[in-house]
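Colleague: Below, each chain spelled out in residue letters.
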Amino acid sequence: MIELEHVSKVYRTGDIELRALDDVSLRIDDGDLVAIMGPSGSGKSTMMNILGCLDVPSSGTYRLDGVDVGGLSDNRLADIRLEKIGFVFQSFNLLPRTSAIRNVELPMVYAGIKNRRGRAQRALARVGLGDRTHHQPNELSGGQQQRVAVARALVTDPSMILADEPTGNLDTASTVDVMTLFVELHEAGRTVVLITHEPEVAEFAKRVITLRDGRVVEDVRR
Amino acid sequence: MTVWESARIALRGLRGNTLRSALTMLGIIIGVAAVIILVAFGNGLQRFVADAFGPLANQIQIGKDQGGVGAKDLTDADVRALRDTARAPAIGTVSASVAGSAQLQLAGGGSYRTGISGVEADYLDVSNRELLVGSFFDDRQATGKAKVVVLGPNPVASLFGGQAGEALGRDVRIGRTSFQVVGVLAPNGQQDDVAVMPLGAARSYLLGGGDVVDSVTVRAVSTDAVPQAVEQATAILDQRHGIRDAEDRDFTVTALQSLLDQSSQVLSFVTIFVAAVAGISLVVGSIGVANIMLVTVTERTREIGIRKAIGARRRAILQQFLIEAMVLTGIGGVIGILLGIGISAVAGIVLPQAIPDFPPPSVSVGSVVLAFGVSLLIGLLAGGFPANRAARMRPIDALRHQ
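These protein sequence lines map, in sequence, to chains A and B.
1 is the number of the first residue of the first sequence in the UniProt record's numbering; add one for each residue after it.
1 is the number of the first residue of the second sequence in the UniProt record's numbering; add one for each residue after it.
What the hints contain is simulated information worked out from the structure, not anything from laboratory work.
Check each hint, because a few of them may be wrong.
[Said to hold, decoys possible] Listed next, the stretches of chain A that the computed footprint assigns to chain B, with coverage defined by at least 3 CB atoms under 8 Å from CB atoms of chain B: (1) 15 to 23; (2) 95 to 101; (3) 107 to 121; (4) 184 to 198; (5) 213 to 221.
A quick note: this is a predicted structure, and the numbers were derived from the prediction, not measured.
No residue lacks a Cβ here, since even glycine has one placed at the ideal position from N, Cα and C.
Chain A extracted, bound-state conformation (with noise of 0.2 Å):
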């Protein structure tokens, strides 16, 4: 469960204030499909970097599965991302020079997790790449890199898979078959949160929350 109550984001630089997030309230329920868009600089990011405790807000308070993430320390928001939030990025973000394998282990390798071979290996099949195991990033496609990323973000068990302009690289088949993959993990009863500007993505999704100059402009349930 994810809440947002009055959560403002603020930056300063110089004299000049931006207000990247302005006093947004929602709620995410457990198993959704949300997808938040918005133009460049509608506070998508932000929001992004809010919800994976990347960053914490200037106000207001973020509360991901009862805990309030406002005054962690670096360290403590270290470890929620770790247990609760799997990433996908638009730029993939594998390892380089290390295996798909090798990349999907690396969230256990931090939680102290043992027999990490084996919970890897599930989680490519899951994503269809058990063949592709031992693949460095650079041999596989960006579809299939983007899967690996996917098998990283749920290896775990998170809370929820934060996917930030996850098609943003790949073109349409991929951009079909990494949806299909996400709407795979909703039906299972997982909670995805998309972060995208394109409306052919937001389609899939269950529910579309429209981001406008920091503001919740539009929140529609399908």
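Using the hints provided, position chain B relative to the given structure of chain A.
Modeller: Relative to the frame of chain A, chain B by itself:
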């Protein structure tokens, strides 16, 4: 995350940049090897000196102080007093000698001027020498002014073409008296230009001087007893020569031990100094490591961002880069140690063949442990700053880095 896990990640990071890692290590390798080799040479030299002079450690030399006005000579009576074990319990053996020089002449024609030592029968023992051939004169010959002589290597070289066996049994004219050669001394590099004969014979036929003794070699009963022996010998001679004030002494008492201590101290200073110079290359090597780690951290900013976004704590990142630096310097240290030991071993075989009597280097365990410890410490220090920088990066900034 465990240290083992970090080490695996670090090794993979280093393997990703083999040439750079190797070049960075080279600085550490050379520094560590240089320290080990130079300390080994210093140790070899120290051991050589200790082996050569160690047996002399309980020796005390007593001689006349040439500068003293109205100084009394050392005499046979002095020697007898020093031999009194009741008064000098710390003194083991006492051996008197006289010295001078004379012309040696061979019946066949050759002649050679050399130093003459008139000594007692325990000369070999006292001066820590050995015979090449023949035998030394015994106590009876020594006191009985026997006309026998033991030649040093130099006169043998000059008169007998270096053939020790040739010299044995031959008659040599020294001064106006004919002496039979009964033995030849093995060289010791210091007192090879000498002809050794019984004390009484040297006095009677060559040097004169009545009961005067030029020098007395005293051996303490043990190395530990050297200070007491010096004290007792000094007290006996003070009394016999009527000395009240130490400044008026007409004799000198010198323990070789103190000379040995001084020389080994000087040698260890030299060793430390040379090792410190070699240590400078280790410092330069460590700057190289720090430099490469800074570059690595900058290059891998994005990787750091990914790791932090996924949930790596600061400590995990710090650990990863610290261990990477320490693996770099640790492997460099091990290679440097192997290289240093190898070169020392090869030098120990080759150099004594090329240069006779060259003391073979001896690798000290201490220098190996120290070199390895220092290389790990370098990794810790040189890697610390870049690693800390990596650990403090904010994931959103690091991820944005191209």
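Colleague: Taking a Cβ-Cβ distance under 8 Å as contact, does the stretch 15 to 23 of chain A have three or more residues in contact with chain B?
Modeller: violated (count 0)
Colleague: Do at least three Cβ atoms from the stretch 107 to 121 of chain A come closer than 8 Å to Cβ atoms of chain B?
Modeller: Coverage by chain B holds here, the residue count being 5 at a Cβ distance below 8 Å.
Colleague: How does the stretch 213 to 221 of chain A fare against chain B when you require at least three residues with a CB closer than 8 Å, holds or violated?
Modeller: Contact hint for the stretch 213 to 221 of chain A vs chain B: violated, 0 residues under 8 Å.
Colleague: Take the stretch 95 to 101 of chain A, compare each residue's beta carbon with every beta carbon of chain B, and decide whether three or more fall closer than 8 Å.
Modeller: Check passed, 4 qualifying residues.
Colleague: Take the stretch 184 to 198 of chain A, compare each residue's beta carbon with every beta carbon of chain B, and decide whether three or more fall closer than 8 Å.
Modeller: Since three or more residues must qualify, the claim that chain B covers the stretch 184 to 198 of chain A is violated, with 0 doing so at under 8 Å.
Hint compliance for this structure: hints 1, 4, 5 are not met, and every other hint is.
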